[in-house]
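Asks: Spelled out from the first residue to the last, the chains are:
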Amino acid sequence: MDRRRKPILVVEDDPADREMIALAFKRAEVASPVVTVEDGQEALDYLQAQGRFWERHPEDLPAVIVLDLDMPRMDGFEFLRRVKPTPDLAAIPVVLLTTSEFDKDLSQSYALGAKSCITKPGDFERLVEVAPAVHEYWCEINRAPKGK
Amino acid sequence: MRAPLPFSRLSVHRKVTLILAFIVLPVVGMMALYLNTLRQSLAVQEEVDRLLEIQVQTASILAMVVDVQDGFRGFVLVRNEKFLEPFYTAEGAFDPAISKLKQMVRDDHEQLQRASQIEARVRALLQRKKRLIDAVRLGDLRPALEHIESGEGPNALIAIREDLRNFENIEKQHLSAQRARAERLALVTQYGLVGVVIGILVLWWLASLLLAKTITGPLATLTATAQEFGSGRPGARIPVFSTDELGRLARTMEEMQARISRHISQMEAFHAIGQDISTIGPDGLEGVLKRIAETAGSMLSVDLCLVLLWDETIGCWKVGAASGHWHDLLCRSVLIREETPISFKALTTGRPQVVDDLEARPEEVLQIRDRLGGKSLLAVPLMGPKGAFGVLAFASTNEKRVFTDWDVRLSQQFANQAAIAILNARLYEAAQQRGAGLQNRLEELERYAVNMAHDLKGPARRMAELASLLQVDYKGRFDERSDRYLGWIRETGQQLMARIEEVLRLARLGTVRETIEPVDPAEVVREVIRGCASHIERLGAQVRVVDWFPKLACNRVHLFQVLDNLVRNALKFSVDGRPPDVEIGVVKQTNETVLFVRDNGIGIPSSEQERIFKPFERLGHKDVPGTGIGLAIVKKIIELYQGRVWVESEPEKGTTFFFTLPLYGDLTGVPMRQERAGS
Numbered sequence: 001m002d003r004r005r006k007p008i009l010v011v012e013d014d015p016a017d018r019e020m021i022a023l024a025f026k027r028a029e030v031a032s033p034v035v036t037v038e039d040g041q042e043a044l045d046y047l048q049a050q051g052r053f054w055e056r057h058p059e060d061l062p063a064v065i066v067l068d069l070d071m072p073r074m075d076g077f078e079f080l081r082r083v084k085p086t087p088d089l090a091a092i093p094v095v096l097l098t099t100s101e102f103d104k105d106l107s108q109s110y111a112l113g114a115k116s117c118i119t120k121p122g123d124f125e126r127l128v129e130v131a132p133a134v135h136e137y138w139c140e141i142n143r144a145p146k147g148k
Numbered sequence: 001m002r003a004p005l006p007f008s009r010l011s012v013h014r015k016v017t018l019i020l021a022f023i024v025l026p027v028v029g030m031m032a033l034y035l036n037t038l039r040q041s042l043a044v045q046e047e048v049d050r051l052l053e054i055q056v057q058t059a060s061i062l063a064m065v066v067d068v069q070d071g072f073r074g075f076v077l078v079r080n081e082k083f084l085e086p087f088y089t090a091e092g093a094f095d096p097a098i099s100k101l102k103q104m105v106r107d108d109h110e111q112l113q114r115a116s117q118i119e120a121r122v123r124a125l126l127q128r129k130k131r132l133i134d135a136v137r138l139g140d141l142r143p144a145l146e147h148i149e150s151g152e153g154p155n156a157l158i159a160i161r162e163d164l165r166n167f168e169n170i171e172k173q174h175l176s177a178q179r180a181r182a183e184r185l186a187l188v189t190q191y192g193l194v195g196v197v198i199g200i201l202v203l204w205w206l207a208s209l210l211l212a213k214t215i216t217g218p219l220a221t222l223t224a225t226a227q228e229f230g231s232g233r234p235g236a237r238i239p240v241f242s243t244d245e246l247g248r249l250a251r252t253m254e255e256m257q258a259r260i261s262r263h264i265s266q267m268e269a270f271h272a273i274g275q276d277i278s279t280i281g282p283d284g285l286e287g288v289l290k291r292i293a294e295t296a297g298s299m300l301s302v303d304l305c306l307v308l309l310w311d312e313t314i315g316c317w318k319v320g321a322a323s324g325h326w327h328d329l330l331c332r333s334v335l336i337r338e339e340t341p342i343s344f345k346a347l348t349t350g351r352p353q354v355v356d357d358l359e360a361r362p363e364e365v366l367q368i369r370d371r372l373g374g375k376s377l378l379a380v381p382l383m384g385p386k387g388a389f390g391v392l393a394f395a396s397t398n399e400k401r402v403f404t405d406w407d408v409r410l411s412q413q414f415a416n417q418a419a420i421a422i423l424n425a426r427l428y429e430a431a432q433q434r435g436a437g438l439q440n441r442l443e444e445l446e447r448y449a450v451n452m453a454h455d456l457k458g459p460a461r462r463m464a465e466l467a468s469l470l471q472v473d474y475k476g477r478f479d480e481r482s483d484r485y486l487g488w489i490r491e492t493g494q495q496l497m498a499r500i501e502e503v504l505r506l507a508r509l510g511t512v513r514e515t516i517e518p519v520d521p522a523e524v525v526r527e528v529i530r531g532c533a534s535h536i537e538r539l540g541a542q543v544r545v546v547d548w549f550p551k552l553a554c555n556r557v558h559l560f561q562v563l564d565n566l567v568r569n570a571l572k573f574s575v576d577g578r579p580p581d582v583e584i585g586v587v588k589q590t591n592e593t594v595l596f597v598r599d600n601g602i603g604i605p606s607s608e609q610e611r612i613f614k615p616f617e618r619l620g621h622k623d624v625p626g627t628g629i630g631l632a633i634v635k636k637i638i639e640l641y642q643g644r645v646w647v648e649s650e651p652e653k654g655t656t657f658f659f660t661l662p663l664y665g666d667l668t669g670v671p672m673r674q675e676r677a678g679s
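Which chain is which? The protein sequence lines are A and B, in order. Sequential numbering from 1 applies to the first sequence in my numbering. Sequential numbering from 1 applies to the second sequence in my numbering.
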């Protein structure tokens, strides 16, 4: 794993979607590594380097989190709420990846700190087009505050 | 109020008698005076007559005495007996004459004495003469001659004459005194008459004043007050303060006015109440019942008013509401029929029941008497279409009360209104419940549909994505047929997604309050055309847009959705080989402004025109792409604004969709002309 590049954290409960998103990033040949987790709880574990991810390298905080809203155990809203009190974690940009433009209440997500929202396109080729755009903007162009 | 004068305390009858007496009394006095005068003059006349008689008598006596004297001298001189005739006459006539004279002065003592003196002198004269005559007959002439020579006879005559004259004079004096008195009295009577006439006039004037003040004045006041009250002026204190019949009449009239005013205000309140209780508020039937109890109670000013509703199924009363603090205590409690026989009688007979004294009732248990402490009760039936369904019970708990006919009539009328209000509220509540039930079910179904659509969308998308992933990742490893099938799977998934997206959009309409803003349809039309530009170019279509639209008051996105759907439809259903010709415009109809989108496409048969606005109805044009939900969205949006959308079409000629949305000018009342000139 390239230590200089911060990973992209993909939070998605559906295995097919998870795989396709990861695949799309790979197809798009983005430089950043992609870490996939199954729900909000795992994502939180990853960020806080606990549970399954206790051995995570401290510098591997993600450059961007790609978040699904509708998930079991801990959904996207709850995840956003949990992340919010910790300034370091709250500074990581969150991009919502939703099924429908009417999915839940987008404004609530934005209020909770989401930075962007993308509708899942329903076509793998289109997904391959979207993935590098996300990487390009959030990992290359966007300037995140320096981590510890 | 002034202290009433003693006079004003008298009855009208006495007053009139007194006032008339004022006038009659002087008349009576005058008559008495006149009668007195008349009597006096009559007395004078009598006196004159008496005096004349006395003069006749004295004259006859004097003549008698003179004749006797003359006859005596003749007899003595010639000795002829013939000369003695007067003497004998006098001897016979003197007695009646003197007694008559005496009779006439019998009341006057002095005169009587004088008459006696005259009598004595005359008798003495006659006796002397008789003796002398006797002596002459005997032949002795000497005493007679001596007598004549001595002049004794004439001297006696003179004395008698003197006496008689004296007697007469005194009588004359009496007469003149009497006459003078009579004259004085006549004068007094004259002045008295003038005085009395003036007095009568003055009294007549005073009496009329008094009459006006005590009788006609108050009567006029009463009449005026009655007229004023009759013409709708409110009753006031009548300024008649006497204690007689008029005063009592005034008090009675005041009382009457007060009562009429009270009744009028009761009637007015009654009508206001009718409206008030009929209004069904958020508190529904319960609120209506409570208002009925309160207003009915205060209308008859009783301590307790109960709305008792008869429950057929259990054969008991249910207390619908009660006035005042009783409400919380009694509301929804149940009363047994046997313990409320009076109300039950009102229910079964349908007629008001009045009991002035509940304590005198023989029943062992009367709920209203024993539990609520009612002293008097008025139970009025609440009449429905199938007879009485309840009772309004008015109870007086503090003291016994006599319910008047008016109370009964008023309460019955009120009960009739209340009954209508209750039935109305019951119907309304039943309808509300039915409606609410239906609404709930519909909303539940809709939520279910939306959730299902949501749940379906993920798998559909995933299916399409996986198919496309296979196509991309395993390109060349599938044969041509498998590749085609994968393409179909992908398209089907995407179609499914699109449809679900449309369903969700339709479901979302109306659930989110969109901002209403002034929208210029011309701008929205431009956006729509821009969105379809490639489409239009490909089809070689012509789109004509009218150069002016009225501003609409709606959500911009909604208008966009409507126009976008209609324009896309117009482009879509074209006749083969005829490039679409679409016209977007506006027509002003009698009282509304209608926007339209017209095409020259395949048209819609009139039998199908109803169906097209329903979701997923596509009229059998399976070859034309689309979700079949566009027109349903159009209809739903238009209906959100209480607008109308309809279609006019002729197969193979074309279709026109018309729709109305609220005009922006409508809100401000700006006339269309100005709007047009300004834009």
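Worth flagging that the hints you see were computed from the coordinates, not collected in a lab. For clarity, every value in this text was computed on a predicted model and none was experimentally measured. From the three backbone atoms N, C-alpha and C, an ideal C-beta is built for every residue, glycine too. It is possible that part of the hints are untrue.
Some chain A residues flagged as far from chain B (calculated, every beta-carbon gap over 10 Å) [as the list claims (entries may be wrong)]:
| id | residue |
| --- | --- |
| 1 | Gln41 |
| 2 | Thr86 |
| 3 | Leu127 |
Pairwise CB distance ranges (calculated) [unchecked claim]:
| id | chain 1 | residue 1 | chain 2 | residue 2 | range |
| --- | --- | --- | --- | --- | --- |
| 4 | A | Pro15 | B | Thr492 | 21 to 31 Å |
| 5 | B | Asp276 | A | Ala111 | 42 to 52 Å |
| 6 | A | Pro15 | B | Tyr474 | 13 to 23 Å |
| 7 | A | Glu140 | B | Glu517 | 34 to 44 Å |
| 8 | A | Pro15 | B | Leu427 | 50 to 60 Å |
Asks: Determine for every hint whether it applies to the structure shown.
Replies: Evaluation of the provided hints:
{"no.": "1", "hint": "Gln41", "in the structure": "holds (21 Å)"}
{"no.": "2", "hint": "Thr86", "in the structure": "holds (31 Å)"}
{"no.": "3", "hint": "Leu127", "in the structure": "violated (7 Å)"}
{"no.": "4", "hint": "A/Pro15 with B/Thr492: 21 to 31 Å", "in the structure": "holds (22 Å)"}
{"no.": "5", "hint": "B/Asp276 with A/Ala111: 42 to 52 Å", "in the structure": "holds (48 Å)"}
{"no.": "6", "hint": "A/Pro15 with B/Tyr474: 13 to 23 Å", "in the structure": "holds (19 Å)"}
{"no.": "7", "hint": "A/Glu140 with B/Glu517: 34 to 44 Å", "in the structure": "holds (40 Å)"}
{"no.": "8", "hint": "A/Pro15 with B/Leu427: 50 to 60 Å", "in the structure": "holds (59 Å)"}
Of the numbered hints listed earlier, the single one contradicted by the structure is hint 3.
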